[in-house]
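K.L.:
Residue strings, one per chain:
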Amino acid sequence: MDFMVFQYPMITVQACLDGLLLGILFALIAYGMALQWGVMNIINIAQGDLVILGGYIAYFMYLYGIHPAWGVIVSPIIMYFIGVGIYKLVINKVVDRDLFISILATFGISILFMQLMNFAFGADVVLANSGYGTTMLFDNNVTLPNSKIFSAVISIVFAIGLVIYMKKSKLGRAIRATAQNSRAAKILGVDTEKVYAATFGINAALCGVAGALISITFTIHPYMGLPYTIRSFMIVIVAGLGNLPGVAMSGMGLGVFEEFADYILGTEFRIGAVFLLLVLILVYRRFKLSRKREYLK
Amino acid sequence: MKISRTILSFISAIVILFSTSVTSFSKVVGDKIVLGAAISLTGKYSSNGVHTQNGYNMAVDRINNMGGVKVGGKTYKFEIIYYDDESNPKRAAQLAERLISQDGVEFMLGPYSSGLTKAIAPVTEKYGVPMVEANGASRSLFTKGYKYLFAVLAPANLYLDVAIDLAVEKNNGKPVTVAMAFEQDAFSQDVRLGVLDAIKRTGSKKVIDDKLPKELNDMAATLVKVKQMKPDVLVVSGHTKGALTAIRQIAEMKVDVPMLAMTHCDAAKLSKQHGKNSQYALCASQWHKTLTYKDNFFKDGMKYAADFEKEFGYDPPYQSAESSAALLVFKDAFERANSFDQKKVRDALAATNMQTFYGNIKFAEGGQNVDKPMVLFQVMCDGSGKCENKVVAPTKWASAKLIHPIPKWSER
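Residue numbers (the working numbering), protein chains in the order written: chain H, 1 to 297; chain U, 1 to 412.
Please keep in mind that the hints were generated in silico from the structure rather than gathered at the bench. Note that this is a predicted model, so its numbers are computed, not measured. Among the hints, a few may not be true.
[As the list claims (entries may be wrong)] Partial selection, computed: residues in chain U whose CB lies under 10 Å from chain H: (1) S101; (2) Q102; (3) E183; (4) Q184; (5) K225.
Ideal Cβ positions, reconstructed from N, Cα and C, are used throughout, including at glycine.
Next up, chain H with everything else stripped away, as it sits in the complex (with noise of 0.2 Å):
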């Protein structure tokens, strides 16, 4: 235990700054997952293995000397199509099935996605340098890296656009039309089989900018899905399914907690104090369920 991070205030300050910034990031993701999940009854294990690859499609245009930045337009329509793809091969068939179907199959993808990517892309570690600076604050006590602040920005953009395109659009209302009652909107004329492939897509196609901006933020790898697919999960897990702000919330909230946790416990468990506050949650959600004698919806 070492509590240095609240000793100097700086320090607090720089964990609290660093933590939305990330935890923005983690919550666009997540709202890929959630909205698929609440849509098409889907855990997708495989959400993080989706942000790797849309990492490397970030990566590759880095090294054909086009700006990585471009990747956060150029790996999502990409993405877009391999989702669509996924969900036709493979999803399309167990998603009316158990959720425990689902979990499985996804998993599989999650690990042949894992080995193709470390076959095609080899097993280095990689990242692209996106040449940002760094903000200094408070006498340069506080060092913010621009590609963080553009991660967070580019995160927030495309979350709005994606409320608003739900909102607006023909296929957005389709798709939250089929949230609600999928057999209610096929009856009246939704083709769900769309809206179940367009909303994959739409969330491999979050993955894509995704990746692409933790390309520029951190470092990929054809493993280091796993993380980001157990981060999602708990995000969506505390919101609840389409709750937008709430996955926004405990997106951010779980990007400072896991900065707390990385100064007071020590960086090598901080993917193991994310893992013990899924179990409290999950506990603790169990718990309250069972007071309120509800049934689950």
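Once you have looked at the hints, place chain U on chain H.
P.N.:
Quick look at chain U alone, frame taken from chain H:
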């Protein structure tokens, strides 16, 4: 006509079957010495696994082309049976069993990484199969009393202790303060022990001792502490992701530290991936092409690097060089033993005392090479932003002078 063709193909099938089973059921066939190796060709170690395999192949070709191995007045050639261990220790141990008990291999080359070598060593030991390995540096490999394990590389605890000595020397012999961040795998923890020994020996003080997770991609917390504590040396060891993450975040957060020492810089292609941001980083390495060790097969490091690049199209990392050296050691031992008896070859290996282009090789009781110091190189960039690794320690092999302390970010 048709019948005769059928008979012919039948006979040739039998011949092929027979010949392969002969090759695989004996270690010395005709004029071939068959060595076995489980290598990570897929999975997370695949890039270094390929470096290892290229190193082995390069040496096999070279030795075979230059007259092979002379035992009992007869000339033999090396051949290697490879299996892919998928970067998985369990699989590696199974493959070692298979190589020995099914394929009849009586001499082994090591896999890539300490973890996999640890998995294989009990198997080779059980069967009394001499193994020369080139990519397992963990100290724990050499304290188990293995008799048939020989490593051409320096153990992990010697990777970065030189850096502490160097910092003390630059501080006019006075103790220094050290910040450490190490991943929690066998290798990095051994590096850590070596650094701790050096800290104790020099009377220095550790001010930060962080552990890094396997899935590391953010070490901002450690670096914030470094900014606060202002240590004289920052030591980082977390494989390639540790090196890449550290350099990225040190540059982004403008962390000023007089000396930055790490491992895996060349594997991480630091200077290529980070360019000028990686400048001044000190890196521990088993080998560097500018070292002036010599042998009859590869001449010296520069020649080895040139030949390797011609054959495989990239500059050899030390993982390839040490793998090539393993074959030179085997050849030398076979010739001195003048026999294929495993016991005799083992004893000859234990008595090895030679120089290769990769360095001097002499094994201690535990099997580690004690005659080859680690080198430290520093990433140095010229005005145009082109960066190179230059050896700065030990002074005997240095090709450039250490730049110390590292200039502050505000002055770069």
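K.L.:
Now tell me if each hint is right for this structure.
P.N.:
Do the hints match the structure? See the list:
1. S101: violated, 29 Å
2. Q102: violated, 27 Å
3. E183: Where the cut-off is 10 Å and the nearest Cβ of chain H is about 8 Å from U/E183, the hint holds.
4. Q184: OK, holds: U/Q184 within 10 Å of chain H, min 6 Å.
5. K225: holds, 6 Å
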